[in-house]
Amino acid sequence: MFAQLTIWSLRRRPWRTLLTAVSVALTVAVLTAFFSVRAEIRRVLALKEAVPYQRLWLKPRNLAAERTQQLPLSLKDKIAAVPGVVKVAYAVFDGTKIPDGGRVGIVGGDVESFRMLSDLWSVSKAEFDTWLNDKTAAFVTPTIAKQYNLKAGSMWEVPYQTGKLSLKIAGVVRPGGMSGPLVGVHYEYLDELGGRKGNVADFYVMLDKKTDFRPVAKAVDEVTASYAQHLITEDTMLQMRGAKRSHVIPNLLGALGLVLLVTTALGIANSTMISVRERRAELATLRVLGVKRRVLALSVVGESLLVCMLAGLLGAALTWWAMKDGVSLNAMFLDNLKINTLGLLGGLAASLFVPLVGSAIAAWLAVRAPLHVALRDVG
Amino acid sequence: MSQPVGVRYYNVGKVYRQGNEETTILRDVNFEVAPGEYLAMMGPSGSGKSTLLNLTAGIDQPTAGKVIVGNAEPSMMSDNELCDWRARNVGFIFQRYHLIDVLRAEENVEVPLLVFGVNRAERRRRARSALELVGLADRARHFPRQLSGGQEQRVAIARAIVADPSIILADEPTGDLDSQSAHEVLDLLDMLNQLGKTLLVVTHDPNVARRAHRTMYLQKGQFSEVQV
Chain C
567 MFAQLTIWSL RRRPWRTLLT AVSVALTVAV LTAFFSVRAE IRRVLALKEA
617 VPYQRLWLKP RNLAAERTQQ LPLSLKDKIA AVPGVVKVAY AVFDGTKIPD
667 GGRVGIVGGD VESFRMLSDL WSVSKAEFDT WLNDKTAAFV TPTIAKQYNL
717 KAGSMWEVPY QTGKLSLKIA GVVRPGGMSG PLVGVHYEYL DELGGRKGNV
767 ADFYVMLDKK TDFRPVAKAV DEVTASYAQH LITEDTMLQM RGAKRSHVIP
817 NLLGALGLVL LVTTALGIAN STMISVRERR AELATLRVLG VKRRVLALSV
867 VGESLLVCML AGLLGAALTW WAMKDGVSLN AMFLDNLKIN TLGLLGGLAA
917 SLFVPLVGSA IAAWLAVRAP LHVALRDVG
Chain L
9 MSQPVGVRYY NVGKVYRQGN EETTILRDVN FEVAPGEYLA MMGPSGSGKS
59 TLLNLTAGID QPTAGKVIVG NAEPSMMSDN ELCDWRARNV GFIFQRYHLI
109 DVLRAEENVE VPLLVFGVNR AERRRRARSA LELVGLADRA RHFPRQLSGG
159 QEQRVAIARA IVADPSIILA DEPTGDLDSQ SAHEVLDLLD MLNQLGKTLL
209 VVTHDPNVAR RAHRTMYLQK GQFSEVQV
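Same order as they appear, the protein sequences are chains C and L. Every position in the first sequence, counted from 1, becomes a number in our numbering once 566 is added. Every position in the second sequence, counted from 1, becomes a number in our numbering once 8 is added.
Just so you know, the hints here were simulated from the structure itself, not pulled from any lab data. Where hints are given, some of them may not hold.
Claimed, not checked - Just a few of them, taken from the derived set where beta-carbon distance is under 10 angstroms, the chain C residues facing chain L: (1) Leu-698; (2) Lys-701; (3) Leu-852.
As the list claims (entries may be wrong) - Lysine to any residue pairs mimicking SDA-like chemistry, simulated, CA-CA at most 20 angstroms apart: (4) C/Lys-858 with L/Gly-125; (5) C/Lys-858 with L/Arg-96; (6) C/Lys-784 with C/Asp-643; (7) C/Lys-858 with L/Pro-214; (8) C/Lys-858 with L/Asp-92; (9) C/Lys-858 with L/Arg-25.
Stated by the list, open to error - Sample of chain L residues with no beta-carbon within 10 angstroms of chain C, all distances over it, derived: (10) Gln-11; (11) Asn-38; (12) Asn-88; (13) Ala-95; (14) His-106; (15) Pro-120; (16) Ala-171; (17) Asp-172; (18) Glu-180; (19) Asp-213; (20) Lys-228.
Ideal placement from N, C-alpha and C gives every residue a C-beta, glycine not left out.
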């Protein structure tokens with residue numbers, strides 16, 4: 567009976583119903599995006615927190631000069647000898663032009679640097695082993711994979727300096743460690759093609775998590791003092807700060823979602839109260855005909871609930887459609903964002919919350935009016 | 009077909025309170041309506057006729073005395089019990105019809121059957137035969153706004169009888185109708201009474217009183233029987 571009454575009620579004022587549905591769909595779309603982005607940030611932060619060491623980054627003072635400000639590879643042993651240092655890794659950054667006119671950044675790293683980054687990339691052990699055992703293997707970011715239709719096992723030729731890199735794709739990394747149009751290859755492969763001449767751009771100095779990084783950083787700084795153009799930073803903190811800065815976008819989405827949530831709930835509350843007021847005699851008539859208060863209240867709430875749930879599904883579907891190919895909000899941390907389960911559940915929860923809160927008071931008012939008074943109302 | 013029931017009013021009183029002000033509507037009302045009787049209740053506006061009808065249907069509660077319908081005392085029932093009891097036993101006809109404007113005539117008639125969980129096909133069948141009984145089978149798919157006042161009231165009558173109640177309460181059923189429509193509605197009420205329904209009709213219309221078995225006149229909160 568409740569379902570039938572609810573469906574009948576929906577015939578009333580279709581424009582008002584449509585406007586409510588649009589408003590709810592919009593709210594759910596924004597909230598689904600908000601919850602999806604927020605879940606992705608949490609995932610990236612958790613990955614960074616789970617890395618079993620802290621990392622110092624010896625990098626060019628001017629990051630834009632990474633290709634020209636070089637450090638000799640021979641520094642590695644000196645840095646490794648500093649007390650407190652567990653491992654040292656190194657990498658170079660370069661770029662190349664693809665024949666179709668696109669540009670690709672190239673990260674050339676040693677095994678240790680890639681092992682370090684693989685924690686953040688979420689690549690599988692099999693993928694990492696493929697990379698490890700093949701000098702020509704490469705990881706690509708989702709941006710590159712999508713642009714050049716690459717997946718694990720694909721072959722890809724990239725012009726590099728005077729020759730070309732013949733790469734076998736080992737896997738596609740997830741955002742959090744390497745994002746944007748980047749390809750990660752063995753340092754040795756780049757060096758073999760004559761591009762590096764035994765120099766690197768960055769050293770990654772890994773310490774135990776419990777070690778105080780300051781004296782170690784000072785000692786590393788002294789070892790590399792003659793290379794004034796480089797500086798050393800505590801990279802783990804830097805990464806975390808970067809990831810936290812990425813909260814700005816989801817926070818804006820969240821604020822917008824909250825405003826929409828409240829205004830939609832108030833809108834529904836208002837329109838349901840007006841509707842219930844207009845239908846006072848009708849609701850009283852139904853009670854005279856034997857419909858119980860509980861069923862009437864449920865049908866008032868159910869009407870909003872049905873509209874909002876359908877609109878919520880539409881909103882979530884729209885967000886899924888908008889994000890199905892991946893959205894980039896921040897190349898480093900929020901690249902290739904897609905709708906996720908948490909986002910979907912959050913959005914759909916909102917589509918339940920809005921009508922329940924919005925129509926609860928109206929439903930209560932609908933059934934509490936004394937029958938003999940309500941029946942005197944004539945619409 | 010349900011068995012007709014009688015109604016007994018014992019020292020029924022009704023006082024409305026608003027702040028410190030008290031208005032006595034009914035005072036020591038005592039009379040009986042026999043099962044299958046057609047009773048007209050007349051009296052000036054505000055005399056308490058509709059209030060007595062509301063007390064009979066459990067829409068309002070007496071402040072003194074009791075109303076017994078068949079073996080039931082509506083004022084002693086919970087809200088849910090009242091709903092069930094009204095759905096099974098009482099057909100109510102309002103002066104302003106109180107049809108639901110977004111429902112077609114047949115859907116309006118189906119509403120009381122929803123309460124009993126009757127399936128859609130059976131609801132539709134019974135609604136159609138009720139509409140046929142009131143002569144509106146060809147208007148089943150019309151919305152109330154597409155019907156005349158007389159037709160709306162006949163749909164309301166079909167709605168009142170579709171669940172086969174044992175008593176029908178009508179509150180000024182011809183009050184908003186022209187004489188031709190009123191005549192048709194009164195013919196229908198006659199027919200319902202002939203089918204064995206107990207009929208209590210509040211009216212200002214002497215034609216109703218002439219058709220009823222008995223007429224009670226209410227004045228200053230008390231009833232007296234009159235010959236029309």
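Verification of the hints:
1. Leu-698: violated, 68 angstroms
2. Lys-701: The hint is violated - C/Lys-701 has no Cβ within 10 angstroms of chain L, the shortest such distance being about 73 angstroms.
3. Leu-852: Status holds, d = 7 angstroms.
4. C/Lys-858 with L/Gly-125: holds, 13 angstroms
5. C/Lys-858 with L/Arg-96: holds, 13 angstroms
6. C/Lys-784 with C/Asp-643: holds, 17 angstroms
7. C/Lys-858 with L/Pro-214: violated, 37 angstroms
8. C/Lys-858 with L/Asp-92: holds, 8 angstroms
9. C/Lys-858 with L/Arg-25: Since the Cα atoms of C/Lys-858 and L/Arg-25 sit roughly 27 angstroms apart, the hinted pair is violated (cutoff 20 angstroms).
10. Gln-11: At roughly 19 angstroms from the nearest Cβ of chain C, L/Gln-11 sits farther out than 10 angstroms, so the non-interface label holds.
11. Asn-38: Label holds. Min Cβ-Cβ 22 angstroms, cutoff 10 angstroms.
12. Asn-88: At about 6 angstroms from chain C, L/Asn-88 fails to clear the 10 angstroms cut-off, so the statement is violated.
13. Ala-95: Label violated. Min Cβ-Cβ 3 angstroms, cutoff 10 angstroms.
14. His-106: Label violated. Min Cβ-Cβ 4 angstroms, cutoff 10 angstroms.
15. Pro-120: Violated, because the least Cβ-Cβ distance between L/Pro-120 and chain C comes to about 5 angstroms, which does not exceed 10 angstroms.
16. Ala-171: Its Cβ does come within 10 angstroms of chain C, the nearest being 8 angstroms, so this is violated.
17. Asp-172: holds, 13 angstroms
18. Glu-180: holds, 12 angstroms
19. Asp-213: Correct as stated: the minimum Cβ-Cβ distance to chain C is 20 angstroms, above 10 angstroms.
20. Lys-228: holds, 21 angstroms
The structure shown violates the earlier hints numbered 1, 2, 7, 9, 12, 13, 14, 15 and 16.
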